[in-house]
Structure formats: structure tokens, C-alpha cells
Amino acid sequence: MREKKTVRDLSLHTKIALTLVTTSFIIFTVNLFMYISINSMVRRLDQVYQGNLKLNALEQALAEVQNSMTAYLNTKTYDSMEDYYRSEQDFRALVEELDDTVGNDAMRVMERNIRYMSEHYLELTWQTIEAKRGRNVEKYNARYERASELYDYISTYIYSLNNEQFKTNSYHYEALSVSFQSLEMISNGILVCVLLCNVVLTIVLTRTITNPLKTLAAAADEVAKGNFGIGLLEVHSGDEVGVVTNAFNKMIVSIRAYIERIKTSMETERAMKEKELLMEAHLKDAQLKYLQAQINPHFLFNSLNAGAQLAMMEDADKTYRYIQHMAEFFRYNMKKNNETVTLGEEIELVDSYVYILNVRFSGEIHFRKNIDESLNGIPVPGMILQPIVENCINYGIRGIDREGEIILSVYGTGDSVCISIRDNGIGMSREKIGKILSGSLKGEDISGSSNGIGLDNVINRLKLFTDSADCSDVIDILSEGENRGTEVRIYLPLTEKEYEDV
Amino acid sequence: MEEDRKKFLLCAGIVLFMAIATVGSLAFFKVQTGRMAKGMEREGYEEYGNYYVMIVKDRGSEFWKSVYEGARDAGAQCDTYVELLGNNLSVAYTREQLMEVAISSHVDGIIVEADESREMKELIDRAAAEGIPVVTVLGDNTAAERQSFVGVGNYNLGREYGRQVIQLCGKNTKNVLVLMGNGQDTSQNVLYSGIQETVEKEMPMEGKAVLDMKTVDNQSRFAAEESIRDIFMDSGKLPDIIICLDDLSTKCVYQAVVDYNQVGEVDVIGYYDSPSTLQAIERQVVYSTVSIDTAQMGKYCVAALDEYNELGNVSEYFSVDVTVINHQNVEKYMEGGAGDA
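Chains as they are written, first to last, in this note's numbering: chain A, 285 to 786; chain B, 48 to 388.
List of simulated lysine-lysine pairs, DSSO-like, C-alpha gap at most 30 angstroms:
{"#": "1", "chain 1": "B", "residue 1": "168", "chain 2": "A", "residue 2": "423"}
{"#": "2", "chain 1": "A", "residue 1": "451", "chain 2": "B", "residue 2": "77"}
{"#": "3", "chain 1": "B", "residue 1": "54", "chain 2": "A", "residue 2": "534"}
{"#": "4", "chain 1": "A", "residue 1": "498", "chain 2": "B", "residue 2": "53"}
Just so you know, the hints here were simulated from the structure itself, not pulled from any lab data.
From just these sequences and the hints, can you work out the full model?
So this is what it looks like as C-alpha cells:
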């Protein structure tokens with residue numbers, strides 16, 4: 285395909301030149317044909333009266349012979365003799381051209397008779413002149429008489445033949461001129477036809493050349509209006525238009541790709557900003573709820589510290605420890621609420637919380653930990669574990685007959701860390717788990733007696749923290765059924781560095 | 048691709064159409080003019096080996112035209128072109144002048160309607176001296192060295208006329224006028240005597256025919272018609288039967304009889320079966336006519352010349368068939384056209 289260079293691959297210049305040359309050549313050829321036929325026709329017309337012209341010449345030559353002979357007989361000069369010889373020769377030459385065959389055509393027979401009579405006549409004139417030379421008066425007079433008679437006959441014959449020929453020739457001429465007219469009509473017809481055909485041909489050919497240009501121009505116009513969505517143009521030819529079309533196609537493709545790239549980067553930027561905003565909003569929400577729920581933690585913390593010092597001075601160790609835990613709990617809230625903390629700090633908070641509750645509820649909660657210490661340093665969002673533990677206590681083990689137990693486990697699973705909080709409480713139905721995970725469980729169900737931060741808040745922050753759209757990637761709630769406890773698992777991906785540290 | 052192909056086919060079609068239109072119409076034109084030119088040049092042209100000329104007094108008459116046609120057709124069958132000399136010439140030459148032309152033209156044979164004049168004899172002799180055979184037709188020059196004579200047995204023809212006269216006379220006495228051509232034509236004299244003898248010998252006892260003859264000048268122009276009118280002007284001496292001995296006088300008498308209201312009064316016996324004469328017989332204006340087999344006459348002329356050219360001698364006399372046409376059998380001759388069947 286590539287090797288075969290077709291007409292389509294010729295340059296514009298060649299194409300246009302070819303079109304013009306082709307049409308001109310056709311017109312030229314047709315004209316040439318016409319010219320040749322008209323020419324041959326004219327030649328034929330010329331020949332119509334050729335016979336008459338010949339006869340006229342013959343008649344003239346005959347008259348010259350007769351005159352020169354008469355002149356010689358009159359004067360006997362050398363001049364007249366010479367004249368006679370010359371005219372005799374001329375006449376003989378013309379006579380010899382005459383047809384001497386016999387056929388069923390009266391005019392041909394006349395021609396033959398003229399020839400024979402003329403030969404006889406020439407013989408007679410010669411004999412007359414001979415007799416004149418010999419001064420045989422009687423003889424040359426008699427011969428002159430006969431020659432003149434014969435001259436008359438020949439003249440009459442030539443005249444009559446001329447007449448007859450003229451009649452038929454005129455008839456032929458008329459017929460020829462009629463056909464000449466028809467030739468004129470035919471050639472006019474052909475010329476008009478060829479002209480029309482050439483117009484069509486030129487239109488077709490030039491359209492072939494200009495159509496891709498038109499398409500290209502329309503496409504360029506579209507692009508100029510800002511519409512980059514137009515399809516790629518088809519390239520039909522290998523000429524300049526084809527080259528430009530190809531370049532145009534490439535340009536459209538690269539512009540489109542460029543626009544796409546810009547769009548994607550803008551999209552990413554926007555998503556990131558959104559995420560940041562969301563994160564902030566959730567934190568603000570958490571803080572607000574916390575503030576609503578708590579009285580001024582600074583005041584509380586300072587008061588508790590003072591209480592702890594008082595207990596220490598009174599040697600009341602248990603009270604001191606209790607108040608100390610309380611202070612820790614509030615300080616954590618105060619400090620770490622709005623930033624990323626380590627997993628260890630979160631676990632400490634849970635310890636304090638459980639201690640406080642155990643003091644409140646006289647050691648009802650058995651809290652056990654099963655922790656891979658090496659993972660204590662990984663970053664986690666603040667206030668994640670405490671709300672979950674609070675939920676376990678409030679909805680899991682509160683009000684059960686047996687001893688409540690909460691087990692916190694932290695272990696690595698390859699590229700992520702799993703934090704599991706498990707209780708042996710009343711458990712959860714599958715529907716409820718689904719509702720919690722989809723965030724559609726609102727109101728009292730979960731926030732009734734919590735200290736303000738709901739599970740959905742925790743889930744949302746985890747999602748933002750891990751950049752995952754699906755909550756099943758970060759949190760999982762398992763329950764084996766009624767009174768068989770609940771387990772909440774949090775999965776946190778390890779960054780490469782953390783992974784190496786671990 | 049498909050569109051390209053269509054375009055290419057369209058262009059090719061247009062070019063092809065133009066080429067076909069041009070070449071086709073020009074070829075058509077060429078063929079047409081070529082056919083016309085061919086027709087102009089040689090329409091049925093045939094070349095012949097021999098060339099005979101026929102020289103007669105009255106080239107325009109139906110009779111001679113018919114004889115010429117017979118000769119021409121006979122000639123065409125044996126490679127000979129026969130020309131009725133003087134036909135295409137602008138000058139009306141006499142027979143003698145035409146004889147000169149024929150001799151000067153070195154023709155292969157001359158068929159001439161001769162008479163017994165001296166001049167004719169000289170010309171015939173000169174032709175013979177030049178090696179051109181001469182055949183005399185209808186009119187003879189017995190003294191000249193002509194090779195043969197083709198004619199009607201004038202005595203027999205006279206007898207035929209005599210029988211017609213006897214039929215017309217019946218038991219009555221009738222005046223008969225014979226219109227003779229002038230000049231030195233002895234054949235008419237022979238004919239006249241033929242009539243005379245027949246009338247005398249074969250006439251029944253009761254009937255009688257009084258024969259008379261009148262010379263009609265057929266040499267000078269328009270004279271024949273005038274002299275025939277003269278006969279009718281003198282109504283007191285109008286004959287009962289008029290016998291014409293040539294085609295022209297037959298026509299003139301026929302017209303005169305009609306013009307002078309003498310139909311039924313004057314019986315006309317004509318000569319030669321030209322269409323007008325046949326028509327006259329059918330209308331019973333002309334009683335009868337003698338038909339000479341003109342085609343046979345022409346044929347005999349050519350045959351005589353051929354025979355002489357071939358063998359060096361030929362029989363001196365050829366007699367042509369004669370038939371009488373009257374009201375009873377005219378139908379047959381009219382159907383056959385000029386009646387030379």
C-alpha cells in the first residue's frame with residue numbers, strides 16, 4: 285500500500301496541473317479531429333471542380349495550337365513556329381492525361397473521344413505545317429480546312445463535356461456542401477458536449493482536491509470555537525492537504541491529552557482540599573461535642589491535681605491514684621484532641637478510662653491487654669479507642685449477669701496493624717452492625733450516654749486518615765450472636781517507614 | 048475508498064463518453080460522405096473493351112431511343128459500350144458531321160442510319176479505309192462499303208401496309224395517301240411499291256384503292272408538321288386512308304385528325320408502336336400500326352459489328368421482325384410498355 289504511489293499521493297500542484305492538462309488535451313484532441321475532418325472536406329470540395337479546371341486548360345491549350353498554326357500559315361515566322369511547338373507540347377501533355385478507356389459512362393467516353401480526336405488533330409496540324417514548309421499550297425489549305433473542322437469538333441466536345449461535368453459537379457458540390465453543413469452541426473454538437481463534459485470533469489476533479497481542505501477548514505473552525513471533541517479527520521490523500529490534516533489530527537490529540545492532564549491534577553487538588561476541610565470539620569465537630577459535654581478541662585484538671593496532692597498529703601493512696609487517672613484522662617482530652625497521636629498514648633488513655641470506670645463501678649470491668657509493644661509508636665488519629673471502649677461498656681457489658689470483660693489486642697498483619705477491642709457482652713445483630721458501618725444509626729442509640737464522640741465520628745475520621753472510601757477497609761465489627769460479645773477491629777495501614785521500623 | 052472509486056469511474060466514464068461521441072460521430076460522418084462520394088464517382092461504372100457509336104437522324108424519337116436501348120443492352124453483354132453519338136453535345140451535328148467525329152475518334156464500330164447520298168457514301172468509305180466497320184440501320188447506302196445492313200424488309204412491310212388498306216377498303220373505293228419522307232431514301236420507294244403491288248394483286252373485285260403519295264419534308268425543322276397540316280386544311284381533297292411511314296408523321300397525323308374532327312372519316316395507318324400511337328389505336332383514332340422489333344434491331348446492329356470484328360466478314364443483310372398492331376391486339380402491347388416485346 286505504501287509502495288504503491290497513487291494519484292491521491294500527488295502534490296496539489298501536480299493534481300491541478302494534471303486536471304487542466306487532461307481537460308485541455310481532450311478539447312485539443314477533439315478539435316484536432318474536427319480540424320482534420322473539415323480539412324479533408326474542404327479538400328474534397330476543392331476537387332469538385334478540378335475536372336472543369338482541367339478542361340478549361342485543355343481548351344485554352346487547344347486554342348493556342350490552332351492560333352499558332354494559323355499564325356504560322358499566315359506569316360511563316362520562327363516565332364510562330366516556336367509558339368506552335370510549345371503549344372503543341374503543352375496540349376499533348378494535357379491530352380495524354382485524358383482517360384482513354386471505354387465504359388458505360390458517357391462523360392468518360394467523351395473524354396476518350398477528345399483524346400483520340402486531339403491526337404488526330406495534332407497529326408493533321410503537323411501535316412499542315414509540313415505542307416506549308418513544302419509550299420504545297422493546295423495541300424496545306426485542304427489540311428488546314430480539315431484541321432479547323434476537327435478543331436471545331438474538339439472544341440464542341442470539350443465545351444459539352446465541361447458543361448456536363450459542371451452539371452454533375454454542381455450536383456456533387458451541393459451534396460457536399462449539405463454534408464459540410466451536417467459536419468458543422470456534428471462538430472458543434474461534439475464541441476458543446478465535450479465542453480459540458482469537461483466542466484463536469486473539472487468540477488469533479490477540483491472537488492476532489494478542495495473537499496479535504498473544506499473539511500479541514502470546518503474542523504479548524506470548530507476547534508477555534510473551543511470544541512475539542514470533534515472526531516479525527518480521515519486522511520485520503522498524500523498531498524499537502526493530507527500532510528496538514530495529519531498534523532491537525534496530531535495537534536487535536538495532544539491538546540486533548542494536555543487538557544485531560546490538567547483536569548486530573550485539578551481534580552486531585554480539589555479532592556485533597558476537600559479532605560482537609562472534612563477532617564477539620566469532623567475534628568471541630570468532635571471538639572464541640574467534647575466541649576459541650578465537659579466543663580472546662582483546665583479547671584477540672586487543675587482541680588483534680590489539687591485533689592491528688594491533697595490525697596497524697598493525707599496518705600490516701602487509692603484516692604490519689606484515682607484522682608491522678610482522672611487528671612490524666614482530662615489532660616489527654618485537652619491536649620491531644622486535635623492531632624495525630626501514637627497508639628501507645630491511645631492505649632494509656634483507655635487504661636485511665638477503664639481504671640476510672642472500675643473505681644466507679646467497683647471493679648466490674650475486667651480489662652485485659654494483648655499488645656505488640658513494637659507497634660506502640662505508630663500514628664493514629666486521636667480519640668479513637670476510648671469511644672469504642674466506652675461503647676463496649678455502655679452497650680456491651682453493662683447490665684449482664686456475668687463478669688464483663690474487655691480485651692484489647694494490637695498485632696501486625698503484614699502491611700497493616702489490627703487493633704481489636706473485644707467484649708463478652710450482649711453482642712450485636714447483623715442489621716445493627718450494618719447500620720453502624722453505613723453511618724445510618726443516629727441519635728440515642730449510640731450517643732445516649734457516651735461522652736460525646738460517636739462511633740460514626742470515629743469511623744469517618746479513620747476513613748479520612750487512611751484515605752479509603754470504604755469503611756470496611758478500616759473498621760470491622762464482628763458479633764457471633766446474642767450474648768456472645770462483640771469485636772471491633774480497626775485496620776491501619778503501615779507506611780513503608782513504619783513497616784521497616786516494626 | 049469507495050467514494051474515490053466512484054469518482055474515478057465517473058471521470059473515466061466521462062472521458063470515454065467524449066471519446067466515443069467524437070470518434071463515433073466523425074466515423075459516422077466519414078462513412079456517410081464516403082458512401083456519397085463513391086456514389087458520385089462510379090455508380091455502376093463498368094469498363095468495356097469495345098466502343099461502338101450509333102448515328103441517327105432523329106435521336107429524340109421513341110423509335111430510335113428504343114433501338115439504341117436494344118443495341119446498348121446487347122453491347123453490354125459482349126463487353127461493348129454503344130453510344131448514341133451527339134446526345135451530350137451542345138451543338139446539334141448532322142449525321143455526316145457525327146460520322147467525321149466518329150472516324151476521328153477511332154471508334155471500334157459505327158452504326159449509322161444512312162441514306163443513298165454521296166456524302167454518306169464517302170464518309171462510310173473513309174471509315175472503312177480507317178479500318179472502322181460500318182453497319183447501316185433502317186436506311187442503307189448500297190453503294191458504300193458498309194459491312195452490313197440491318198433493316199425491315201421494306202417490300203414485306205409494304206405488303207403488310209397493303210393488306211391493311213385492303214381490309215379498310217372492303218368493297219368500297221378509297222383514296223389512299225402515303226406520306227413519304229423526302230431525301231434519297233430508296234427504302235420508302237421499295238415500301239411504296241410493296242403497297243402498290245399488294246393492293247393491285249390481292250384486292251377483291253369489288254373494292255378499289257386509289258394510291259397517291261405525298262412527300263413530307265422531314266429534313267428541315269418543324270416542316271413535317273406543317274406539311275401534314277396543309278393536307279387537312281384542304282378538306283375537299285382529304286383522303287380516306289393515310290399511311291404514315293415514320294414515327295413523327297404518325298404523331299402529327301393523329302393530332303391533326305383529332306384537331307380537324309376527322310375521327311372516323313380518315314383512317315390512319317401508323318408506323319412504330321410508340322405509347323401515344325398505341326393509345327390512339329385503343330381510342331380507334333388510328334386504325335393500325337406496324338411494330339418493328341426495335342430491341343432486335345439494335346441487337347442485330349451490335350451483333351453484325353461484333354461478327355465482323357471477330358471473323359472479318361458478316362452477312363450483308365439482317366431483317367427485323369414486323370408485327371401489325373390494331374384494335375384487337377393493342378391491349379397486349381400496351382401492357383408490355385413500348386411494345387418492343
